[in-house]
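*Asks:* Which chain is which? The protein sequence lines are A and B, in order.
Under our numbering, residues 340 to 1029 are what the first sequence spells out, in order.
Under our numbering, residues 340 to 1029 are what the second sequence spells out, in order.
Take these hints with a grain of salt, some might be off.
[Claimed, not checked] Derived Cβ-Cβ restraints for the label pairs, each shown as a range:
| # | chain 1 | residue 1 | chain 2 | residue 2 | range |
| --- | --- | --- | --- | --- | --- |
| 1 | A | G436 | B | E518 | 18 to 24 Å |
| 2 | A | E391 | B | Y608 | 36 to 42 Å |
| 3 | B | L538 | A | L586 | 27 to 33 Å |
| 4 | B | E689 | A | L586 | 37 to 43 Å |
| 5 | A | L921 | B | E667 | 39 to 45 Å |
| 6 | B | T563 | A | C840 | 55 to 61 Å |
| 7 | A | E391 | B | S580 | 33 to 39 Å |
| 8 | B | E667 | A | I954 | 43 to 49 Å |
| 9 | A | I954 | B | N612 | 17 to 23 Å |
Keep in mind the hints are simulated off the structure, nothing from the lab.
If you're wondering where the values come from, they're calculated on a predicted model, not measured in any experiment.
Ideal Cβ placement from N, Cα and C applies to all residues, glycine included.
The chain contents come next:
Protein chains: 2
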Amino acid sequence: MDGAEETLRRDLANKQAAVDAQAVAVRDLKTGGAPKPDIEAAVEALKVLKIETESIAGKLQAVIAGTSSGSREAFRQAVVNTLERRLFYIPSFRIYGGVAGLYDYGPPGTDVKMNVLAFWRQHFVIEENMLAVDCPCVTPEVVLKASGHVDKFTDLMVKDEKTGTCYRADHLLKDFCKEKLEKDLTLSAEKASEMKHVLAVLDDLSAEELGAKLKEYGITSPDTKNPLSEPYPFNLMFQTSIGPSGLSPGYMRPETAQGIFVNFKDLYYYNGNKLPFAAAQIGQAFRNEISPRQGLLRVREFTLAEIEHFVDPDDKCHPKYGDVANLEFLMFPREEQLAGKQANKLCLGEAVSKGTVNNQTLAYFIGRVYLFLTHLGIDKERLRFRQHLPNEMAHYAADCWDAEIECSYGWIECVGIADRSAYDLRAHTEKSGIPLIAHEKFSEPREVEKLVITPVKKELGLTFKGKQKMVVEALEAMNEVEAMEMKAALESKGEVEFQVCTLGKSVTITKSMVSISKEKKKEYQRVFTPSVIEPSFGIGRIIYCLFEHCFYTRASKDGDEQLNVFQFPPLVAPIKCSVFPLVQNHEYEQVAKQISKSLAAIGISHKIDITGTSIGKRYARTDELGVPFAITVDSTTSVTIRERDSKDQIRVSIDEVASVVKEVTDGQSTWGDVKWRYPTHSSTSIVESI
Amino acid sequence: MDGAEETLRRDLANKQAAVDAQAVAVRDLKTGGAPKPDIEAAVEALKVLKIETESIAGKLQAVIAGTSSGSREAFRQAVVNTLERRLFYIPSFRIYGGVAGLYDYGPPGTDVKMNVLAFWRQHFVIEENMLAVDCPCVTPEVVLKASGHVDKFTDLMVKDEKTGTCYRADHLLKDFCKEKLEKDLTLSAEKASEMKHVLAVLDDLSAEELGAKLKEYGITSPDTKNPLSEPYPFNLMFQTSIGPSGLSPGYMRPETAQGIFVNFKDLYYYNGNKLPFAAAQIGQAFRNEISPRQGLLRVREFTLAEIEHFVDPDDKCHPKYGDVANLEFLMFPREEQLAGKQANKLCLGEAVSKGTVNNQTLAYFIGRVYLFLTHLGIDKERLRFRQHLPNEMAHYAADCWDAEIECSYGWIECVGIADRSAYDLRAHTEKSGIPLIAHEKFSEPREVEKLVITPVKKELGLTFKGKQKMVVEALEAMNEVEAMEMKAALESKGEVEFQVCTLGKSVTITKSMVSISKEKKKEYQRVFTPSVIEPSFGIGRIIYCLFEHCFYTRASKDGDEQLNVFQFPPLVAPIKCSVFPLVQNHEYEQVAKQISKSLAAIGISHKIDITGTSIGKRYARTDELGVPFAITVDSTTSVTIRERDSKDQIRVSIDEVASVVKEVTDGQSTWGDVKWRYPTHSSTSIVESI
């Protein structure tokens, strides 16, 4: 039983006990003849407890569904069926047979995406005063050469030697080992342990090692059983050509970050030449996957939202760190992973003070990402922050954590939060020749000792002739220790043997050939390459996990079918509200249209349904789209508003209805807040209906 | 003098007369010893009139600047300098020398773009209940083959035969003719008239005709004077390859529309199989221009916002047509253009009833586009709707109008509004084999007469043997008139001569070979291909024109320099508000930070500036970014809010300031509304300060 299930079972048991206790209290109040308002309040509390119980039970059901691979599949199928049927997404270009790894968002999916992005902008860009930028997808080769993508952004591929079909080499090996381990009962313990090892180190295997394993296991093309080629690297960028000459190769960007790095100088200036500051970008990115799998999770084009926070490498404190230091959530540090343990709830502040998280700024973003995801509706019990293992992390990175969300495909990396040190800015400085650096002006000039090495070129030229240049360069390249040793040797012995790498031998340096000294200098500023801390969000992955976390089923009124519901928070819901005339009737239709107009005017996305379908069916249709509120027109003066999950209804006048819906959908109030202000819609008293 | 200038001069004269009259009124009130409130009210009215006068004078200045090409250039240079210096945009990848036709939006530019897109979604998608979709940029070849882009989305190109540099053939011819006409004093009247004709028909010239003209005029490579190749078509799509095999060619989409067309069937279903409905998409589009010119107006990657409104071709009425029918604005119908006249103010409703605009739905969108653009801040005197000339319009289109905005580059097409009839859906139906059609169910079945032609295959086989099939097909292909004529002939003469095209001769048909009749049938529905009306918005072009229309200069307080101002409406302004402590002081700084926090919490983008720069300089800096409101902290209890254009200031308590700024920036109130509620900030009385 994993952590999430355990917690939910405990919560459920507690909540059920509370329900029982409250039911007793209600009974006692009633039999004791307590005043009606007291009874009503107690009943209302009981109802709230029951709803909370149902909600926990629903979550538990989803978690349990996720624990065995068969029921995971069934749960996923139910979610995906609903998503496809209601056009949350559509395989792209379906009328032409589609293209693997390309999906459209249909109407409700597009609206969810827009809402997630709008909240991202509010939560990160506006609240943190970040600098937004918007760069093109088409990128010239030189930029991606500097970033390393042209040379290293590859997957190892094998080809069916007869048909030419391509496969990811690691996928074939992984599938083979998994299949053997799961189904081959004759597998020796030794072989099994070897295959487990292969699976563990899969990502680290070189082309040669992968090829050797494929050969050793006799793995052939999965579709034809033909022999396979040796693995070779395939670059995952979509290549193109800029302009008509064919001489300017370009690529569709594989990430949005490079557009920010190359603008560092301008952005630093825009920010008044001050650090820290963050730049942010939302945009399309492209990866020409060899063979996309896992539906919406591994696609060839996707929306990234990236932040590059530039900071002084000597001071990674964050002024708002205190706002997140007390947060507690599932973290999975490197040590716990290596020890085979589980993710555990940790206090973020403690993780920093113990050195588990490298610095305050990195931690601040981890905390903000946690708040962002849970606010969207991601279940906090199925969200963990996993630290990169040493072999996953680039050599230059100071520390990396992934926000992983658990869904039916397992734990999925949805946000990467990395301290990339000065790597990116240095790479572009080197390639472009434009220094991407920052300055710290000292309030008072500082006195520093500087090593000064002055080769005496005339002397050196006489002795070394054509090789003089190499000797001069080698002398100038000495570090402080080497130089001071040479100085001491020259002063004591008058000459010294000196290794010149570029000559491949040592030469004799005499006192007259070089002067070495330390001089005191005044420095007015420090010049350095900023570190960059990069939270990078895979928006499509977050949205897919959100779909799974928000999905539940409940029995229809007569109990004969299971109805699907997406319990999106109003913030995320694609359509905030539906408007139905209770029956087909010209007057009600006019009222519905008038309400629709007032909702549109204040920017509330809604759906008006004037078909004659039964009200229950219309509710079910909109529940499946995750519409949180339904307005039913059953008179020409007032209407009812129904909340999706509790199915509670209140009665509100027509003039007020749009502003009430606005209040509960833009986060000013909760449903609980407004519910008390209006009469509930029910012909019998609440007490009787329980 | 063009229309805009004339109107503005008239408005200015009227307004100046009103100022003079009001000034007299104020003087009379003061000398007459009128009560203080009366004097104050009159002075306030005078002030408002003065501001309005200044605003008209500013617009007139901009229009006049636009009329001579030299001052147009100077005006553009002033705008572009400010835009580049304040990072509204940045040439992409500048540290690597940039790439022609690619630009980044920097921080304020990105914010303007986000605001324009958010308003677009509100004005079109939400208010019209459109179905939003979001499709990938990477598009397989088959889709763009069906749409015609693979074969026809080309420009004619010539190459420098020695260096290989590419040029647009029409650009070279255009530049040559313009230069000759402007500068060659020896040009004969005959030659001049020929060149004017060439310029007029430039877009219609074939590759051969263009090549012949280039040769005739002896046009060579502009950079090297080398000879040029013959013109040949260059496809403007960025090509790439999908997947690793190299066998699936793809392109970066040149427009977003195709993603909607291929989803028609699903979207129609989503809309309850009902017409009309509109789908909308915002996204990147790509055109690999041969040699991009005109800065931000002709780029290789840009954001499009497109609407495809699907409608019954037999009923193009629009239920909300009445909302726009009374609008009056500059329209430029085909006839006026051909008659060499100017655009004129027309009433949209009259243009429809006179048949100038083809139908109500097209007109509705023209009206909505007018409201959209003017609400953003586009000057209505420099906005016209120009109808396509017959040679500009595709053969299938029913009617097309472009929203053109005048800027320093001339009249620029920013929105195209086209009735494309059934072309796109038919093209994809044909290519994919999936019928993209709609049904109209009749409320009662309709009786129709249907022609039934039944070839008697046995008889035909005996006579025509191997050619039977061609004869059968030819008989079945007869239209109603032909068939009824044959029936009559067969009945009267027993046989008839019949031309079979596929045989290339006529054959004799006898009575026994075919039966022809008309039968009555009941039809329950009509099946048809919907028409599509497409408003397509070039977001970058709209934004660039907006920059020009919002830009003006005013003298600094001491009159010694010209300050730049972008008078963006609050809706569009990249930063809604700035926050300054009046002097550097810890207490004020804390207040400023507290205000910043409350602005962030309610989603108001703002800029806090705690540098010691003079307040005037800080205002000037933010005026240049188009920030409409500035909060100055000069006490710990209340602050001043200054409006950018009037420079009026009011005093507001610290608790209220964020909500007041929200009120005036999200459109609930105007500055004029709130100004009266708070004391104006001025140490001397208003009366004295005039």
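*Asks:* If a hint holds in the structure, say so; if it doesn't, say that too.
*Replies:* Outcome of the hint check:
no.	hint	in the structure
1	A/G436 - B/E518: 18 to 24 Å	violated, 52 Å
2	A/E391 - B/Y608: 36 to 42 Å	holds, 37 Å
3	B/L538 - A/L586: 27 to 33 Å	holds, 32 Å
4	B/E689 - A/L586: 37 to 43 Å	violated, 55 Å
5	A/L921 - B/E667: 39 to 45 Å	holds, 42 Å
6	B/T563 - A/C840: 55 to 61 Å	violated, 47 Å
7	A/E391 - B/S580: 33 to 39 Å	violated, 54 Å
8	B/E667 - A/I954: 43 to 49 Å	holds, 45 Å
9	A/I954 - B/N612: 17 to 23 Å	holds, 21 Å
Going down the numbered hints, you'll see the structure goes against 1, 4, 6 and 7, while the others check out.
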